[in-house]
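Protein chains in written order, with this note's numbering: chain A, 1 to 202; chain B, 1001 to 1202.
Just so you know, the hints here were simulated from the structure itself, not pulled from any lab data. Keep in mind the model is a prediction, meaning the values are calculated, not measured. Each hint should be verified, as a subset may be incorrect.
[To be verified] Computed list of lysine-lysine pairs in DSS-like fashion (alpha-carbon distance at most 25 Å, straight line):
hint	chain 1	residue 1	chain 2	residue 2
1	A	19	A	2
2	A	119	B	1119
3	A	119	B	1097
4	B	1057	B	1023
5	A	97	B	1119
6	B	1183	B	1119
7	A	25	A	183
8	B	1034	B	1023
9	B	1183	B	1025
[As the list claims (entries may be wrong)] The calculated label-pair distances, taken between Cβ atoms and stated as ranges, are:
hint	chain 1	residue 1	chain 2	residue 2	range
10	A	25	B	1161	34 to 42 Å
11	A	148	B	1056	53 to 61 Å
12	A	179	B	1174	44 to 52 Å
13	B	1032	A	22	55 to 63 Å
Quick reminder that beta carbons are idealized off the backbone N, C-alpha and C, glycines included.
There are 2 protein chains.
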Amino acid sequence: MKTIIVIGASGNIGKAAIKGLGKHKVITASRSGKGCDYQVDITDKTSIAALYKAVGKFDAVISAAGHCEYAPFESMTDDQWQATIQSKLVGQMNVVKVGLDHIENGGSFTLISGILNIKPMPLAIADATTSGAIDTFVKCVAFELPRGIRINAVNPTVIEEAWEMYGEMMPGYQPVPGALVGKAFERSVDSFITGQVIFVDA
Amino acid sequence: MKTIIVIGASGNIGKAAIKGLGKHKVITASRSGKGCDYQVDITDKTSIAALYKAVGKFDAVISAAGHCEYAPFESMTDDQWQATIQSKLVGQMNVVKVGLDHIENGGSFTLISGILNIKPMPLAIADATTSGAIDTFVKCVAFELPRGIRINAVNPTVIEEAWEMYGEMMPGYQPVPGALVGKAFERSVDSFITGQVIFVDA
């Protein structure tokens, strides 16, 4: 049994991740902290460090967090770009950077990207660009991680549990069950793979 | 004959780009402005807009600019990440964003990424991550550009002209002639392709 911290645990993807981790001890965190064990803001390295210190020993970190702004490229503001980059990209990288000081030997990080970098859609240029950055980051940084620590990304399409919210803006996308995305997180945590982007699409 | 603005014209890749543009009118710009027609700072949208206004009519923009910091992931500082992201990623996106207000119908943008997102190497995680973001950005934003405007990225390996500077940190990489990278920029400018990453590797 591993101890796994799930950041963004109250979101749809976080809940999907937890579905794949039934045999482990899961510790939950989110930006609001509501219904979770801990509150954490991934745009703040001090907040991330405080979470890790509070948990103590852990074997895996799953990030299902990262705020994205949606707008056409021509009207997306500097603030919208920065909010997306500092959360979904820099925030998730900091989850890893700070986590390296705390995670057990042989531990793993699993970050979240999203299928829009592979299947582009209107309004989603910031999501797509940062997803592409996260996929690349994971594939390249894996070679640098010490102590047998692994890193992967899960890159899912929209899940059935979120279809009501996103379906209208995603014509022609086939949602998948959250449980299938949970399998991807489980494989990242419990397999030996590293530097991989695990696509979950229909 | 097209009028083409080359940003980063005094760098090795900028010079390589110009080699492919012999039949066009080339206007040069760089951060220092030394030996170029104009000075421009791509991290400053006001500076980019001033360049475009000064040039007036133009058909293509080539960005061979973007500062990257090099360090191991574990020791790369927040400032190093931000310097790289705000220049190579956000700076180049702003070259496009601001450029859309000025470029001729049917014009083109060509951005620069770099092979380290495909062939990772020590110290280069920030370069690789932002290169992956640029490649993704180009592939996705192409569908949004108005007035027949195209966008591509050139993703080169190290060029022979830069081998003396980078060769020692790149064992096992085969440099290519700058003229071959110039061909890639020429194809982006003079063909009909859009949303493409043009890899130049040996």
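* To do: Provide an ascending list of the numbers of those earlier hints which the structure does not satisfy.
  => 10
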